[in-house]
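From first to last, the protein sequence lines stand for chains A and B. Under the working numbering, the first residue of the first sequence carries the number 55, and numbering increases by one thereafter. Under the working numbering, the first residue of the second sequence carries the number 629, and numbering increases by one thereafter.
Careful, some of the hints might be misleading.
Stated by the list, open to error - Residues of chain A placed beyond 10 Å of chain B at every Cβ, according to the derived structure: (1) Tyr64; (2) Leu76; (3) Ser106; (4) Val121; (5) Asp124; (6) Val148; (7) Val204; (8) Phe220; (9) Leu271; (10) Leu285; (11) Gly289; (12) Ser318; (13) Ile319.
Unchecked claim - Coverage of chain A stretches by chain B, computed from C-beta distances (three or more under 8 Å per stretch; other residues unrestricted): (14) 86 to 95; (15) 131 to 142; (16) 237 to 249; (17) 291 to 300.
Stated by the list, open to error - Chain B is faced by these chain A residues, among others (derived, beta-carbon under 8 Å): (18) Ala117; (19) Val120; (20) Leu125; (21) Val164; (22) Ile167; (23) Ala170; (24) Ile188; (25) Ala194; (26) Ala200; (27) Met218; (28) Gly219.
Bear in mind the hints are in silico, worked out from the structure with no lab data behind them. Ideal placement from N, C-alpha and C gives every residue a C-beta, glycine not left out.
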Amino acid sequence: MSKLWNNYRYLILRRFTQIGILILFFGANAWGWKILEGNLSSSELFGIVPMSDPYAVLQMVAAGAVVASDLLIGVAVVALFYFLIGGRAFCSWVCPINMVTDSANYLRRVFDIDRAQITKQPITRNVRYWILGISLIVSAFMGIAAFEFVSPISMMHRGLVFGMGFGWAAIGMIFLFDLFVLKNGWCGHICPLGGFYSLLGKFSFIRVHHLEENCTLCMKCKVVCPEKQVLHMIGKESLPVLSGECTNCARCIEVCDDDALRFSIRDFIQNKKMGE
Amino acid sequence: MKKEALSDRRKFILNMARGVGYAAIGGFLWSAYLDDAKASPLILRPPAAIKEEDFLKTCIKCGLCVEACPYDTLMLAKPGDHRPIGTPYFIPRDIPCYMCEDIPCVPVCPSGALDESSVTVNGHLDINTADMGLAVIDENSCIAFWGIQCDACYRACPILGQAITVEYSKNERTGKHAFLKPVVHADACTGCGMCEHACVTEKPAIFILPREVAMGKAGSHYIKGWDKKDESRLKDAHAIHTTTNVSKRKAVDKLNSGLEGLLDE
């Protein structure tokens with residue numbers, strides 16, 4: 055039992071927060087709860103603290119909207135949280151699509167699709183930054199928040215809170231894409247919101263640290279990691295994971311049987327020494 | 629002839645060019661989709677919604693207005709609803725706007741897509757100033773216009789007697805009955821849709837359309853001579869004289885001179 059907890063504690067906690075947030079949002083709409091109202095685009099905590107999606111507001115600004123002060127405060131709350139603390143934690147701890155892509159990823163491992171598609175991934179992980187850029191340009195030209203109109207993240211989240219419509223189709227597409235076409239395709243390659251948080255969370259404090267002396271090179275961490283390029287130091291150097299693309303999902307920490315990976319607060323001075 | 633290997637710099641430039649090419653293709657497709665998604669004019673928005681074009685820019689699709697509505701009137705557009713995805717709208721035939729005095733849907737809007745000041749009169753919210761749309765009557769299918777007594781829409785109207793009035797006229801067909809015909813007054817109607825909801829016909833004979841769709845425009849060159857205020861627009865007016873070969877001479881000369889003038893030209 056304790057082994058189960060040890061191997062899945064962060065996964066359980068992540069599902070707990072993801073589903074908990076969904077239930078709170080759903081309860082606000084269905085039963086008038088006042089805890090967390092709205093959705094991931096913009097919301098209110100206890101009817102006081104505003105929270106807004108900084109990337110969505112960035113698109114609105116690009117589209118030429120006059121942004122209300124309520125919205126800007128909400129953006130500041132969210133942006134500061136991920137900038138200082140969570141990094142890309144939104145992706146693995148909040149975003150509902152994460153459950154879809156994680157299950158696709160799990161099935162890939164179960165059915166050995168990973169080994170069948172051993173060739174190089176056909177597209178680069180930088181595509182998300184291109185899409186991020188294009189979304190702002192298209193927003194400016196079309197006068198609407200471009201990604202928000204096609205975003206399967208908002209579609210799924212709104213769908214779970216307000217009703218799904220054909221939103222299932224978009225989610226099904228992502229599931230099948232991740233399962234059969236491209237490993238970690240959506241979250242690791244395409245999603246511009248992930249790209250946005252990668253840039254925003256570059257300097258955040260909570261980091262995964264690697265202790266080289268404990269590592270036995272089993273590479274389990276690299277198998278489960280959805281952004282395995284960030285684990286380039288495994289077995290080589292005792293470095294923290296500094297890339298903003300790390301989602302702080304902590305799967306690597308759980309699967310490591312040798313205690314070579316752990317969460318800790320970033321130490322800028324020490325990092326500099328180790329980095330050089 | 630053997631070709632030289634590409635230099636790193638050239639490779640980089642070519643890869644960037646490819647990236648830009650892909651980005652442009654994606655951008656065009658994306659824009660085409662968005663253009664299509666934007667082009668749905670028959671959407672009824674919550675009260676105090678700003679101009680549709682600005683609304684699409686400003687609405688963050690958070691659904692706070694939907695949650696605030698006590699009657700479940702508002703919905704967020706889902707994929708397949710043929711409306712810009714995630715934006716709030718309502719269908720009056722299903723659930724109309726019940727015109728709450730405190731307009732709970734408006735102040736919660738964090739982005740200003742619902743503009744509180746547009747429904748505020750003398751520091752107080754006034755739902756009667758809201759403009760969600762305009763009721764339009766299809767006189768062919770409205771049974772009151774047939775002579776059958778029905779005042780369902782008139783009775784349902786929250787601004788009874790102002791937004792909808794009933795006009796009496798004699799029914800010449802029977803000679804002994806009256807028509808009680810509903811008339812919508814555009815200046816008072818808020819477009820709440822209570823009339824459409826109440827309408828007894830199979831498909832409502834009175835229905836709400838966005839105001840820009842429902843209304844025509846006469847143009848500013850028509851002036852109501854019987855309206856002092858309207859006529860005052862003439863005060864600084866001056867005539868524009870256009871002189872052509874034909875109009876150089878007076879009309880009477882023209883008539884007296886036969887066809888020479890015309891044939892000359």
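Hints, verified against the model:
no. : hint       : verdict
1   : Tyr64      : 29 Å, holds
2   : Leu76      : 14 Å, holds
3   : Ser106     : 7 Å, violated
4   : Val121     : 7 Å, violated
5   : Asp124     : 4 Å, violated
6   : Val148     : 15 Å, holds
7   : Val204     : 7 Å, violated
8   : Phe220     : 4 Å, violated
9   : Leu271     : 33 Å, holds
10  : Leu285     : 26 Å, holds
11  : Gly289     : 30 Å, holds
12  : Ser318     : 35 Å, holds
13  : Ile319     : 33 Å, holds
14  : 86 to 95   : holds (count 5)
15  : 131 to 142 : violated (count 0)
16  : 237 to 249 : violated (count 0)
17  : 291 to 300 : violated (count 0)
18  : Ala117     : 5 Å, holds
19  : Val120     : 7 Å, holds
20  : Leu125     : 5 Å, holds
21  : Val164     : 30 Å, violated
22  : Ile167     : 26 Å, violated
23  : Ala170     : 27 Å, violated
24  : Ile188     : 5 Å, holds
25  : Ala194     : 11 Å, violated
26  : Ala200     : 6 Å, holds
27  : Met218     : 6 Å, holds
28  : Gly219     : 3 Å, holds
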